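Novice: What follows is the residue order along each chain.
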Amino acid sequence: MNPGAIVVAVLVAAALAVTLGVALGWAAAHIEPDADSLVERIDALLPQTQCGQCRYPGCRPYAAAIANGAAEIDRCPPGGEVTVRALAALLDRAPRPLDPEFGAPAPAQVAWIDEAKCIGCARCLPACPVDAIVGASRQIHTVITLQCTGCELCLPPCPVDCIELRPAPAVSQRYSQPRAA
Amino acid sequence: MAARSTFHAGLALDAHKQQACGTPIVELPPPTQVVLALDQGTGYSAEPVVTVGEAVAVGTLVARTDHPSASAVHAPLAGIVVAIETREAAVQGGRSVCIVIDGDGSDRIDDSVRPVADPAALSPEELVQRLRDAGIAGLGGAGFPTATKLASARNLGAHTLVLNGAECEPWICCDDALMRSAADDIVLGALILRRAAGTVRCVIAIEDDKPAAIAAVTRAIERLRDDALTLAVVPAVYPQGAERQLITAVAGVEVPSGGLPADAGVVCQNVATAAAVARWATRGEPMLSRLVTVTGSGVAHPCNVRAPIGTPLAALIAASGGYRGKPLRLIAGGSMTGRALPSDEVGLTKAMNCVLVATRDDIGSRLGAVELPCIRCGDCADACPVGLLPQQLLRAALADAHDTLRQLGVRDCIDCGLCDYVCPSQIPLAHRFRDARRRLHEAEAMARKAADARERHDLRKRRLQAAATAEQQTFESVRDRARRPGDDSTGDTN
Amino acid sequence: MTELLLLALGASLVNNFVLSNFLGLCPFIGVSRRFEAAAGMALATLFVLTIASGLSFALWQWVLVPLGLEYLRTLVFILLIAGVVQFAEIMVRATSPLLHQLLGIFLPLITTNCAVLGVALLNVDRQHGLLESLVFGASAGAGFGLALLLFTTLRERLDTADVPQAFRGAPVALVTAGLMALAFMGFTGLGAR
Amino acid sequence: MIAHGDPATIPQATRTDMRFDTSPAPHVIAGYTVPRVMFQVLFALVPAGIAHVALFGPGLLLQLSVACVTALLAEAAALRWRDRDAAPALKDGSVLVTAFLLAFSIPPLLPWWLGALGTALAVLLGKHVFGGLGQNPFNPAMVGYAILLVSFPAEMTRWPVPMDVESTRTWSELARMSIAGFYGADLTARWDGYTGATALDSIRNGLDLRYTLPELLGRDDIAGTLGARGFAWINLAALAGGLYLMLRRIVRWHIPVAVLGGLLVPSFIAHGLDSGIALGPALQAFSGATMLAAFFIATDPVSAATSDRGRLWYGAGIGLIAWIIRTWGGYPDGFAFAVLLMNLAVPFIDRYTVPRIYGRQP
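Taken in order, these protein sequences are the chains called A, B, C and D. If you count by my numbering, then the first sequence holds residues 342 to 522, one letter each, in order. If you count by my numbering, then the second sequence holds residues 21 to 514, one letter each, in order. If you count by my numbering, then the third sequence holds residues -9 to 183, one letter each, in order. If you count by my numbering, then the fourth sequence holds residues -17 to 344, one letter each, in order.
Hints are computed from structural coordinates only; laboratory data are not their basis. Since this is a predicted model, take the numbers as computed values, not measurements. Careful, some of the hints might be misleading.
Said to hold, decoys possible - Pairs of lysine to any residue, SDA-like flavour, derived with a Cα cap of 25 Å:
id	chain 1	residue 1	chain 2	residue 2
1	B	K346	B	T379
2	B	K481	A	R396
3	D	K73	C	P154
4	D	K73	B	T379
5	A	K458	A	T483
Given only the sequences and the hints, what does the whole structure look like? Please build it.
Specialist: Listed below in structure tokens is the structure:
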């Protein structure tokens, strides 16, 4: 084999590589990946307690973390095994048990304010991620049970520990759509 | 054995109607006690307006409601309220709050019970409201408030009122007995209902295995000479009396999936409901009693009984000669869709058209059933009147695959039980589907709650952001003004 | 025309790349758990196969042969296929990130899908023209997609089957694939007469 | 007025009188069970079995006995291995149907161990690997048959010359040969001339040798008045059995009609175009495994499509593929492979032939 042939071969291979590289580089720069739609679909499966047990500030940030591979699907105790299975099915991954580091699944609960003890300090109001606590400064507060996600975020700010968690009522009546109306 | 009918499939079943239908209607005297379930069979309860110890008369309102799916309850006998408590009842879940009234033997009538002077003078809207107040509910088995159906028929502009006299379920014959004995009441009620629903015409549908009822209703219609009130004879095929299947057979239209009959321009009422409307119009009587078939091999003398709502089933069975043989199941309704009750202490509800006391002779086929794996034979799909594929639904139900369940129409299932009936592997399909529907319903409620929480969370985030931005702007403008000496608007700063 | 039709039938059914030649088994087993993913894989492979067949023919016919560089074909074809696969990946990520997630590693692995390289090399060996190459590539891709989709729907049905513990997952999938190949043996000899 | 709404504040009542069982509705069923279906199928195979024995000797009975014993043993073993109760599965008759179909498909001269091997593979690999009754995507009998056919092509294509071919053979000689074959004796030594290819195989080989179809049909060892020698009668008997199943509504018309349509329509067209080489519909219908496949094999509900429309596609596919393999393929009869090929398409067909649900747009 003469040296000229080797040079030609190298040149051909290099030319091909460069052409492909340029074409792909252009395509990568000009064709936008559509990340949002995946995040939406993952977010739709999360329980929206906004509790932060996954160590992300709310459900959507966690969904984004799952979508870009930063977090596993086993970090959502309020969703429990059901959510893990739904996520596994959506993403075609193997279902796995919940990671106990992020808490254990518990039956659904809602916050309840002992109005006798409440001093109306209003510190729990900004803590609620879904605005489910009604009240104002020096007024007794109460929790809108139907809207409460049971995230427990209102517990730490309360100076008199007047908030406790109680078993949640069944959601199916309030959130069902009666067929005839 | 199988016969094609006007809808997709269905089957001709053993009717078992001769047992109760041959004997005359028994009028039950007021029992000593009634147990009035506040949920009259729809899954939604009325709220009691009486207290324990209060005296009530015949027709006194004891529970009211604003819920479109619940109906008002009236005292069917004069006496004292002795208890308001959760008891076993013939409803979903098996328990309901019940008002228990001990009769005092008098026939004192509440002042509110007055004949309607002239139903034709009432506007349709008034008519609907009065029927709602009278607690008139569907007597065909669902117990759904008549007024709610009429209102949606008005809103959606329904053109045809179908009166359901197609009593397709085995064993039940109270509508048949009523049509033979009180056809004039039914026709009168039909006219009032037609007016209230605002429909152009009314069709009374009767299955072709009830010639006596057909003859009686034909005579009643002829006496009336109303062109917009007609009779339709439909084939006796189960489930011909199911609302949607009957509408298709009579009006030739299909009720859209997930929609109401009124969406197809039709509203359906039971013939017995029409007769109850006639009683309300002529006597002012709210819904206090109903005709119920008491039958099965486990009662001595099967018959149709007119009994006050709330009558304990034990009293009904006593009126039919008491138990006979070894009763195994007490079924509210027929053998295909009836609900098996734990005890005969429960009260008669508006939705209960039959009390079937079944012995091994009646339900032996089910008792001896051994469930085998599905062999995909497709008999269930052939029988299904809705055109579902039960064997694929079963797989989806066992896997709890909600999307597949929805797509395959688990909600379109009318719970007729035919798939179970024909299944050679004896799989309790209808039960599995009921279970799957309940789980699907819960999952969707959870999803709606989650969507609600997401929306509130988003709104809150936006509000906080807006507040932060506003604060920043205020801060900046104050700072800017502070840095510009001589700006009068900030006052004398130096 | 008839010859092209026979070529297409042969490449897609009779000598199905997966079930008769056992090429491309990696994505066949790997991406057959869910219909959406399998459909995406089928389309991506069809796309890559068709484009790569055409481009590899062009390279072969107009670059390698004139320059006497036939011995470079494997290297050049793989380079070319890798480029097309990368392009396909960019497209998938732009249109459906969920599909991108579902396909995962198997999308770039189309590069090493022996069916793709096999088609390019067979095109050269059988001295197919440009049109023949394209038809051969497309029908091989269609055959791959058909086998993949049939296999996926079978596996979805097996998901809810009461499979013995020892056979759950991959074992029963392999048995199924084997029985599919057995069924495709019915086509052997087809066209030989 | 009482405080209502909260059920917890309302006292509970307890009653303990007469209690009833509260099982869910419906409370009656037709009671037409799987075992009854399966035994009806076996019963419907009896006429074909009689024809088979009369024409090909008692080999079928030997194959049936070995297939049934193996099938029951394999079923019991598989269930024992999974710690399941074997008794109901053995009694439901489904495994016997598999054994019968396989025994009817294989040549009656097959050595017993091949019959046993095929049956064991059918039951274990075709059925229990997937989880047993109702779970198998492929027709177990055809799995067993196809494995035998590709592994032992010589044994699997050697049939006795049927009784209705004019010759001096007697049924008792057929019987002796069947027993010899059953024990694996070398049949060429003593029984050469008593065995041969089936009619379809002979025609295929003849066409390969450039004979024309009329020439081949002129030979009196291939075809009779109706169809293939020997097989015509079996097909006729299978048709009768199949019609009985249809009458009893165990088999619905869709699959058999579609299978026959898929086979006969193309053969009618091809025969019209070139009667020199293409087999006519009558010959196609009454040779090989046509009727057995159309009424008994393709109709196995477990591995067939489930909706009416799907069944039509499924059956038509089987008929068409069988015709293609018979016409151009490497095997004399294509039904086993046609059934397996359409079996693997069934979930796909089911996916796209969901019937319209009441009240929904098509």
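Novice: Take the hints in turn and mark each one as holding or not.
Specialist: Structure-based check of all given hints:
Restraint check for K346 (chain B) and T379 (chain B): the C-alpha separation of about 6 Å stays at or below 25 Å, so the hint holds. In summary, the hint linking K481 (chain B) to R396 (chain A) is supported, as the alpha carbons are separated by about 18 Å, within the 25 Å threshold. Under the criterion of a C-alpha separation no larger than 25 Å, the hint pairing K73 (chain D) with P154 (chain C) is consistent with the structure, at around 21 Å. Pair hint K73 (chain D) plus T379 (chain B) does not hold up; C-alpha atoms about 29 Å apart against a cutoff of 25 Å.
Distance restraint check for K458 (chain A) and T483 (chain A): the Cα-Cα separation of roughly 12 Å lies within the 25 Å cut-off, and the hinted pair is therefore satisfied.
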